[in-house]
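*Asks:* Chains as they are written, first to last, in the numbering used here: chain A, 1 to 280; chain B, 1001 to 1293.
In case anyone wonders, no lab produced these hints; they're calculated from the structure. Please note: incorrect hints may appear among the correct ones.
[Stated by the list, open to error] Derived pair list, reagent style BS3-like, types lysine-lysine, alpha-carbon separation capped at 25 Å:
1) B:K1287 to A:K267
2) A:K196 to A:K279
3) A:K279 to A:K267
4) A:K15 to B:K1102
5) A:K279 to B:K1287
6) B:K1011 to A:K196
Residues per chain are reported as follows:
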Amino acid sequence: MDHYAGKNVFAKVLKFVVLAILLLFVMMPFIAVLLNAFKNNADILDNPFSLPKSLSFANFTNAIQTMNFFHAIWNTVFISVISVALVVIFSSMTAYYLARHKGTLSKVIFMVLVVSMIIPFQAIMIPLVSIYGSLGLLNSKWILIYLYIGSGAAMAIFMYHGFIVSDVPIALEEAATLDGCNSVQTFFLIVLPLLKAMTSTMVILDLLWFWNDYLLPSLVLINPNERTLSLSTYAFYGSHSVDYGPLMASLLLCVIPIIVVFLVMQKRIISGVIAGAVKS
Amino acid sequence: MESKRKTSWSKFAIFALPTLLIFCTVIIVPFFHGIFLTFTDWNGIGSTFHFVGFKNYLYVLKDKVFWSDMLLTLRYSLFTVLLSNLIAFLLAYALSTGIRGKRFFSVGFFTPNLIGGIVMGYIWVFVFQHILVKVGTDLKIPLLSTNWLSEPDKAFWALVIVSVWQSVGFLMLIYVAGFTGIPQELLEAASIDGSNSFQTLRHVVTPLMVSSFIICVFISLSRSFMVYDLNLSLTNGGDPYNTTEMVAMHVYVKAFSALKYGAGQAEAIVLFLIVAIISGLQVYFSKKLEVES
Chain A
1 MDHYAGKNVF AKVLKFVVLA ILLLFVMMPF IAVLLNAFKN NADILDNPFS LPKSLSFANF
61 TNAIQTMNFF HAIWNTVFIS VISVALVVIF SSMTAYYLAR HKGTLSKVIF MVLVVSMIIP
121 FQAIMIPLVS IYGSLGLLNS KWILIYLYIG SGAAMAIFMY HGFIVSDVPI ALEEAATLDG
181 CNSVQTFFLI VLPLLKAMTS TMVILDLLWF WNDYLLPSLV LINPNERTLS LSTYAFYGSH
241 SVDYGPLMAS LLLCVIPIIV VFLVMQKRII SGVIAGAVKS
Chain B
1001 MESKRKTSWS KFAIFALPTL LIFCTVIIVP FFHGIFLTFT DWNGIGSTFH FVGFKNYLYV
1061 LKDKVFWSDM LLTLRYSLFT VLLSNLIAFL LAYALSTGIR GKRFFSVGFF TPNLIGGIVM
1121 GYIWVFVFQH ILVKVGTDLK IPLLSTNWLS EPDKAFWALV IVSVWQSVGF LMLIYVAGFT
1181 GIPQELLEAA SIDGSNSFQT LRHVVTPLMV SSFIICVFIS LSRSFMVYDL NLSLTNGGDP
1241 YNTTEMVAMH VYVKAFSALK YGAGQAEAIV LFLIVAIISG LQVYFSKKLE VES
């Protein structure tokens, strides 16, 4: 029995060590960026593993200016927050209608939405540019937000629909109607609060998508002033290929906001991501 | 009855119509307009074009680069899907069989998923160009002492490694969720019956994880098949010498750099058909397995 317990402890320690080494490998690129963001170019090229000699923020001021960082992060926050809020409101309302009115029309609409989810972005990319470009609608944040609502709707409606059918009791709505609520009041006062769990999943999934997206914004936001973080990082790398210090600083600036939010909300984010993957 | 129908239409106008209009103008109209474009010679500017019949599709059939990029993308997807699922499954198994700091490890392994393809690719450009080369020359490891991104074959593996690095933590979470669904009594029964941990994994755990496998394989397959951002940042869209250009990149270049919109869109439609077939197979297999279990 003692021998068995000893072997068990040994296996557990071994497993822990192996996982810790793997985790270190996974974290290595972030550590590399963190170490080198404070060094000058010569020090980086000389030895990327050395600790910074002094804590210099010169790279950061350079990066912030060149990539117009505060402007870019403002654009990214603006676009992703408004898009997420609108996707949630529009999709939950539509899902509610489709879940509560089971006519042929609802069935057909729901089918079209589900089937449309297999269309890859590449299949509509060229016509989007053709249609919206010829109407002179490109190059605005609001058009990008509009495109995000359209692109995110099918998946969000699908997920809300499943949740409403299985988890929202219709009796509550009937009671609200008897108490004199109209359908819009019933939805916003009674139903929407009950959808909180699904809403937090949708917010996390779509926020990660819109925040990190590159291809669609690159087609829509042509004016440098409208650039999001992904776009300005790409532009920065295109213009500045030799000076590693500011490049590392720019990467760190892009990574930090997401990591901070993740560490604060890790529990919700992880359960939201799992729920999103399993249900879709 | 009459009044109910009336309210239903007004409800439809308030609750569903706005979303459906946006959805149609963003997805459905462009999709059919895209099919229409494949039968024209539209050049991207202006409103003049001619109908050219199936010329664009014939062009696709003859476009050798498109098909070699397609094969490359399939090869890349194959390795990415296999490696990331294998590693994610083993990690999830290790985390699910009792370990200190389970939460800490899950959070840590998941972190790369938060970073978008552009930033992630540039981080790894630095790793491949400087970190690994430094390690290789200092420790005299020939495999690492050159920049992987400047050699065709190694640049391909660089793409696979970075994709696996990113998706492992995400797939692992789904597998962990699958493992927690397995009743503990089953594992205990297997252990009492004298099955060792490998046998338990092979004969008891794996069959119960089929639905997790299907979810994970499908997610990693659709992610890797449509890879674009990472291709753009890590290998600059195909470096060295256009050997790492994936098929999504090819469609973009065909339309927006070579200005062959009709041909580019025809290739996008071919891509769509392949994705549709893969999705169909996925639905078919998960339905079939659901029925069996």
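*Asks:* Against the earlier hints, flag every one the structure doesn't satisfy and list their numbers going up.
*Replies:* 1
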